[in-house]
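Engineer: Chains as they are written, first to last, in the numbering used here: chain A, -19 to 204; chain B, 56 to 1113.
Careful, some of the hints might be misleading.
[Stated by the list, open to error] DSS-like cross-link-like pairs, simulated, lysine-lysine; straight-line CA separation at most 30 Å:
hint: 1; chain 1: A; residue 1: 37; chain 2: B; residue 2: 552
hint: 2; chain 1: A; residue 1: 120; chain 2: B; residue 2: 367
hint: 3; chain 1: B; residue 1: 495; chain 2: A; residue 2: 63
[Stated by the list, open to error] Examples of chain B residues lying across from chain A (beta carbon under 8 Å, computed):
hint: 4; residue: 378
hint: 5; residue: 380
hint: 6; residue: 530
hint: 7; residue: 532
hint: 8; residue: 535
hint: 9; residue: 1093
hint: 10; residue: 1097
FYI, nobody ran anything at the bench for these hints, they're computed from the structure. Every residue gets a Cβ at the ideal spot worked out from N, C-alpha and C, and that includes glycine.
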Amino acid sequence: MINLTINGLAVSVEEGTTLLEAAQSLGFPIPTLCHMEGLTPYGACRLCIVQIGQDEKAKLVTSCTYPAQEGLEVRTASNRVLKARKMIIELLLASCPQSKTIQDIAAKYEVRQQRFKQEYEDCILCGLCVRMCEEQMMAKAIGFRGRGETRSVGTPFDVKSDVCRLCGGCMYVCPVCELRCTYNEPEKAICGACSNLSPPCVEKEPFDDMMCYMDPCVVCEIQK
Amino acid sequence: MKKLKSLDNFKLLQERLIANLDKMNPTLVITAGTCGQASGANDVIRVAKREIIARGMTAKIKLRITGCYGFCEAEPSILIEPYGAFYPKVNTDSTEKIINAVANKEVIGYLLYKDPSTGKSIEKMEDIPFFSKQLRTILSYNQKVDPIRVYNYLENGGYAALANVLEKGDPNRVIQDVIASGIRGRGGAGFPTGIKWELLKNQKNGTAKYIVCNADEGDPGAYMDRSVLEGNPHSIIEGMIICAFGTGATNGVIYVRNEYPLAIKHLIIALRQAYDLGFVGENILGTDFSFDLKLVRGAGAFVCGEETALMKSIEGKMGEPRQRPPFPIEKGIWGHPTCINNVETLANIPVIIGKGAENYIKVGVPGNTGTKIFSLVGKIRNTGLVEVPLGTKLKEVIYDIGGGSASKSRIKAVQTGGPSGGCIPAHMFDIPIDYDSLRKVGSIMGSGGMIVMDENTCMVDIARYYMKFLKEESCGKCYTCRKGTQRMYELLDDITKGIATLEHIDLLVELAEVVRDTTMCGLGQTASNPVLSTIKYFREEYIEHITNKRCPAGVCRELVGAPCQAACPVGTEAWRYVAHIANGDYEKAYLAIREYNPFPSICARVCDHKCEERCKLGQTGTDPVAIRALKRFVTDNVDPSVYKPKRSGEKKSDRVAIIGSGPAGLTAAHNLSLIGYQATVFEADHQPGGMLNSCIPEYRLPQNILKKEIEAIFDENVTLKCDTELGKDITIESLFADGYKAVFIGIGAQKGKRLHLDGESSKGVYPSIEFLKAYSQDGEEWAKGRVGVIGGGNSAFDAARTALRQKDVKSVVLLYRRTREEMPAFSEEIEAAIEEGILVETLVTPTKIIRENGNIKGLQCVRNSLGEVDNSGRRSPVLIPGSEYSIELDTLIIAISEQPDTNSINPEGEPEIKLSRDGTLDAEKDTLCCSREGVFAGGDVITGPNTVIDAIAAGKRASVMIDRYLRGEELHQPEQRRTPSVYIPPCTLTEEESEGVCRAEAAKLEVEQRLGSFVEVEKTLVEKEAVNEARRCLRCDLEFTQPKSEEVELVTDKETSI
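Isolated chain B, as found in the complex (with noise of 0.2 Å):
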């Protein structure tokens, strides 16, 4: 390279690359920065280049390694320029595929990057939604440029700003234009450049003036300047010359964290080949301007970010801020002014230069000027960074470009800005990004970190994990900061163990707002930042830590003890009954699942498994043990008798009446008998089991297993009475005057909600409920010809497979309004209802019932698209005008929801009991207490309609309450940790076996046997999946229990040993 001695050399050169540009050509662009790499890239490049040469192909497909551009979720990728495919997350196989297409001009389809909601490929890079919402300034260059290839970035445009500031030669101009732009910093403060550049330009003591890089990026899950480092060096030694131009400096230094190999690579690279090439060093592209630029490594503190902290760690002394003033701009590195910008900054300077202030201006909102480069990370599912003008929406970068939720728990809130920065609640997710919004909720920008939070996300364990950053990295130099963090990370940690009272979060918040006030410097300032707003917006987790001493996410060890126990709403301590099945011990699992919950089989086939949804083995990579299953292997296989119900205290002379033969009914039944009370069961229909046996389809419930179930329910404490109808034959008061001492209310939601339809009176229109009842008590087949189903939930589906189960029965559609993802029914059913030939038509709303003699005759629908995210963080089905069609239908179930029918619970002329405002029965959530003395209620009948296992939770809460109420005692009593207290002893696969092991789906009956037939669809799994199914458990308990016998003196040390 020989040096540039004036402007006409450098424009020569420039234009002279550009010319020989090869524009005909495709080239290969493989993204290898630190993420790229760590993802495989390496071996990727190494392929292609070999295929390359090999096929003789030099000249034909050309090259370029860059750095990343921003999907990093996709990493390793391949982009074809010119012609934009973009294959994402490449492997050495595919990469030789991809190099025969292109030879051959083609595009393969089955690699191309596919939309998660439709599952469509998409061809080229910028239809992409991650990428088709961004405006790239800044990241597009990472796509363009191979970083340690000058003459790429020349061949951009590279250098061009300048050389055109230098040929006008007037350093306020340069400032003029940076002012303008409106450019605030990017580091996060959001101090004005241009001001900042113009106060360094002012200054008049010192001989020398520096500016500085703060590259030390040390937020986790921030890394945008790394990016930019990798792979744009050359913009910011661009950036960095412009400003010493402007501001007269005369000396640079760039401080990049040295744990950032690859940047520190590119950036000596970089750095020499603009020395070689006269863009750095004396008299600059023949002009007496001079400037001398080099690298300082940091050395892995966080709080040399700190700009205080930064200088003395570039005069080589321990990084410790001190007190402004003197500022650095007056007295800074040696003494003498020192400016200081953000790698990002620098890195738009090129750009304002070049585009014009003018230009630069137009983008972003006034104020908030340009673009910002966010790096969207967690539990998100396009990982990656993202660059918008500022002034963008917050939910727009999570949810149109982020792609939402990377499971299908719901985004809970986002954490911006590091460490430093606040959480912000989903619900506020309308806020604009800028520095001053984000301030006003709590939060800082920051540099641009974005850590999105899901259900699965405790925000006290947050809280406490940022305090425990802070407290390793505060420098210790001010009182309050060292110890302010550290004490805060002693109260968080309390509460995380379930240690703490309420006073905790007033001392906490006390004094988290001390240390805000009182710190040195940035990083006490807004250490409280993760306290404060988690506080502000989440203060019922914490409390929910304090008084129930539960960690709703699942997070917090020593409250959760084993997930799947700790998800299961009656406590079933499934690590349990794994274990035992591991061990071959069938007997004790039944136990095991029994002593918890009185309907093993039931919950066996129709439980939801909130179990399986924690399992941690779910949650590292693999798929959860399939509990539900095993407890299925369990339950069919020993026989119940084994259970010997433990009764404890005397029998007592109490009767209780219990209205409602459901899950929650009878489990409440169940329980009191156990403890000793008389309990009577009322029930409307002929037969007892509520729900369980009215709208559960039998070839996912037999019959048989129901009954069996049910009858052993009653007990010589237990008796049943059916045709006994609230309202009709019985009131709560008449009970009360029979001698009931009192009385628990589970009759469960069996009222249809209706469409709101016109003509849904017409014959052939029935609410699933009903339609279901009919066919399940008495018989009925109601469904003909072709039937519509309405609705997306359980009981949608259970309608909709039964009729297609029915004689006269033609074809079976169902329609949802929003998509698949959003179906609140178990994914299992919905396969399997597809399996079977049930047409699934989703982003549908309907909109008119057609008639014809006041039968039904079809059913006008219009299409739907999906629209803004609302605030429970789903998007909105918005009608698309004109798409209206209509379908022939001969019978229509409505399946949108039910709720209870409580007109019964309160007959004229007996005193009120409360209703809440959705229709539902209105008791207190931890008590279960009605307004009514002595009236307890639960399951489906307050809550809407739910699960059979939160019924079943129910009843078990109810019978303990009206067991306190009964003597007398306090009914709120704080609650226990549940944490595993019985030591099994492990029994895993060996290495062999577990080779390839994945979990043990139960086999189905075939599709053709299920049509027209009742028969139970899921089988049992046989004995060796299921124990080798339980042998995968990670075993979450023995984190807690220890073997009994003399093993437990090997353990030397307890306390070293946790």
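So here's chain A without its partners, still in its complex pose (with noise of 0.2 Å):
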């Protein structure tokens, strides 16, 4: 057993154990947009960050890949940490603004408004189709091709591939592309998260359907 303190919390946990799990088994939330249990940790969403050390020494790392260590000191909400992820949270949302999750982490985390040039990616490439296509539906059928801003996610050589069984479990799990706000019930359907990204959504005129199924979709702020 290793034993590590997490916000001033004593925890001993099993060697292997991630801080991302030893965090959450004491119940402090951290967002993660690239992870999720049964597929391999990847820090690529860097959303998950925690300060580990003290002072000088202190950096932050991703919990989901980093194994819990002897007497280590875990903060998961220090205000360096809480900089950063808002700063993480800004460039998502000036990436992806459709995507519900993204929305709701958003609110949550109380983003109102991101300063960069207005993107509508669909991708943040968390790679989690890559790894659920790989480590549970055994196909292999996706995979990462090219680097820096021309990465991005699909068949080798974008033919169709033979080993895709269809089976859709990538469209599953897919943070950003997932069938957004999909309430048709209107007390449902005010989730808060449109309210914090007033212009850029409802302004183009492609994305207006893209906010929710509720039209207008401003509806949800002037309620609130």
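Can you join these two chains into the complex? Each is in its own frame, and there are hints to help.
Structural biologist: Shown next, in the form of structure tokens:
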């Protein structure tokens, strides 16, 4: 067993436990986008960062990939963590404003604006689909191609894959292009997430139906 | 090659090789690394071989082809061993001559390296400052060893360190030695190598242990690893074997990037030789130690230099980093413990074992031992690889070894550590180069790249460049690195385009800090460094881009437009009139000049042509377009009356007082008149013109030309009042009382600074400004006999040349305390003065004026040497004790600088107008407002002695500000970008015409005719010369303009054409 403290609470966990698992077992909320039970930790979205170490040696690491170590001091919500996390959320919002998952996280962390050029991408390259395909569906039909800004997910050479069974697992796990705001009953539709995203998503015509199935989607903002 | 079966066999072989060394006959050492081959080393080698064979001298002259040993600037070069003569930049012709000379045991003086500051030839390599100030432990092997001949390496003691450790047979001892040597990883992070090795040794898991040589050197501008790999591959192999012996590693991998073909070639050869001789493989040198070593080529991803990505790449997977822990040392390639070392670290290992750790530790400073190779590139005179002990000061590397700036512009910063390093500004060059000091100032050691930047480098553009590199090279796995670099690039791009706001900077800093904090690997964690360090040290450049829409270095395309126009203080469209001249349309050319500048003929003669400094042609290997000479051609050939001033707005009743009729005052008056104001110009002298009139000698600016242009200023709105002195006849308050609504002060800087030497009040000692004035206004010739002039600026040369033309003058000597390179005067002025027979003495400081009966008799001086580089980037003169000497003089002219005479501005009993600390008038830089409302000032009175064109620019700005002030508008208004907007069809030289065409130089009056005469020295270009010169222009403006007519339709898509 390994002993460590998380936010001042002592906890002992089995060897091989990640900081994320340890923190969640104590009930500390840590947002994640690229983590899913049953898939290998990947550390792509960086949302689950926590602070380890003290004073000058303190640093931020992704809790989903960092193994618990003896005597480690972990803080899941220090100022530094929150500041960085908000910036990451802002970056996510700037790229994928239409994702309900991201909207929810933004709402939770009170990120109400983003200051970059608005993009409308449908992938954050979290790699859930790639790992799902490889590890759970045993298909390896899709993978990453390219690097840097041209990195993308797809089949080799964009040719329809022979090994793909059209299981839909990749779509199911996707935090960005999943079916958005699917509730059609008005009281459940008030997610509150739209309110922090006023102009970009409603202004642009091509996206007005992507916000939620409510029309007009600013309704939720008015009701708040 | 026979496999060496025992240590004794090896020793015998090495002893035999060393004993057989030929120490008598000379060896020609030709560098042929990638850099040498690119500059023509292969041809040189071919010629050298042919010549030696043809002369039948193969036994007498030996040839050694080596890798690069550092002085890339001088390649291809030939070094003659053992004598040490060094011939830089040889070609096939000079190679023949050199071989001839070697055969006759001679040295060819004119082919030797010349010291750029003194111009003297330096015979021996070790005396060249570039080499003499280095400590070349690793690089000297590159010079001694032919990389494809293993015997060459053995002759120089190669593999002796390996034999040594094998003989002792104690792996612990190896590790203890490396720990004791204190060497830290040369890849950048600086982790102690010995500790790393010990960790690997103590690893228990796995059946195999790997060591990896990281030769994936991808930083732009860094190539020391390449040179070591190319020049001495055996040293790395030896280092790896020693490492394997110490740590118990079974497998070794050299991971080298595929873009280094020569390094790969040499490594393959060296590896085969090492296997053949039994240094690698089973039972090395007969011992029971075995080690397998192979080469893996990287496929060209920058991120694969990161250790976890590198291991994935070796395994054949996509090169992307993973989270540590587990560290490679625990779980590396295929899950085996892996130790990754940099090329340079491994190259140091044989040195440590060979010299002993106790000797190695003597080099460098505690905590940072040994030498480090840096690749010194960018705007530096001596480009190349530099090896110095760690802890050497940055400025020693840049100024002493690197030789300072490659051009006249000053060095501004140095970027260390490649794209993930930071920029260190020039005023911090005092810091020692070691891992910790560099980190403290926001940069990193990195692999050792040093990119030197001067004033022509835009820091925002640099940050943008690196961010572009990083956003393309980020693996893309972690979101903050991929998106963060992309967003930082976007923000920087906006700034360079002038469409950013000040909030961009804050957002950049915020984002950069988060990216640094939250990314997985070293690439992302250091990606913010270029942004953060440039913002930290060069924030004003960012602000200049954002608020004034100006790129001070003249780099950012969208802000600069045509560089010549951007460089001109008044914004003259130089490209436009040059284009008109090329088309033979001289009147239009005149109009283009006159539109921006009321004194075209004057500027055509005395302007310091900032446009030419920035000309793109001058930065691409040839000389810039002779813009000033072209302006002279136009103004001399076109009647000024073609220009009809455009008067805008109705006549206004407000009156403005202009004090001083120099270029600033007259320009302000002229422009105010064009807008409709009544301007009165007050002048203390008998005639208008200020410094133009009194201080620029007639041989540079003829009086009739000057008078004509000044007279043209006075129209129905401008009145002149001469002999009216500020402080005596008028005061600022009296002008306001007289009903003037605004006052412009443009009285210049007319008080000569003193030397503060004894005897300065002697008869025969004059400030240059009074000396020149006395001659130009009253025709008095003050200079007599032997004349001395102190100073190195234009006014010193004007005084010297004027004195030379006076009747009773025998000789003129000019004394300057620094060297000619640092002289602020125009180089053409200096050359002309020397031509005329003026003796220019540099590195001299006057110490005492020798007097007799109140008259000057002579001057006592002391010689200087150039000392350390000061914060301005220039070497400050240091007195050489005991070098005092004296010269006899009858006249001494002091021309060290001028300052404004501000006493007249603030008479008693009037509200004071603020002065700045250096004695100039304090006016706001952008609005030219003084501390009293309604008073504006511009020109030398606020800047100190400056150029004519800057004064004209100040006058123009003042007129705009006064207009805004009188109309009650806000003075601060956003600046407009000045990009070319008028399309002029290009007219370039045909291919035949352009052959051999070089910059046109205006003819000059013969020297004999100049003496004793004040006839203008410089002549006008003839038409053919001018047109050809104008056609050399690259026409940077065409990037921004488009033809108006139907040709527009030919350009199909505007988006894609840009």
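Engineer: None of the hints should be skipped; say for each whether it holds.
Structural biologist: Structure-based check of each hint:
1. A/37 x B/552: Not satisfied, since the Cα-Cα distance of roughly 39 Å exceeds 30 Å.
2. A/120 x B/367: holds, 18 Å
3. B/495 x A/63: holds, 24 Å
4. 378: The hint holds - residue 378 of chain B has a Cβ within 8 Å of chain A, the shortest such distance being about 4 Å.
5. 380: It holds, given that the least Cβ distance between residue 380 of chain B and chain A is near 6 Å, below 8 Å.
6. 530: holds, 5 Å
7. 532: holds, 6 Å
8. 535: Residue 535 of chain B check passes; min Cβ-Cβ to chain A is 5 Å, inside 8 Å.
9. 1093: Interface hint status for residue 1093 of chain B: violated (30 Å vs cutoff 8 Å).
10. 1097: violated, 28 Å
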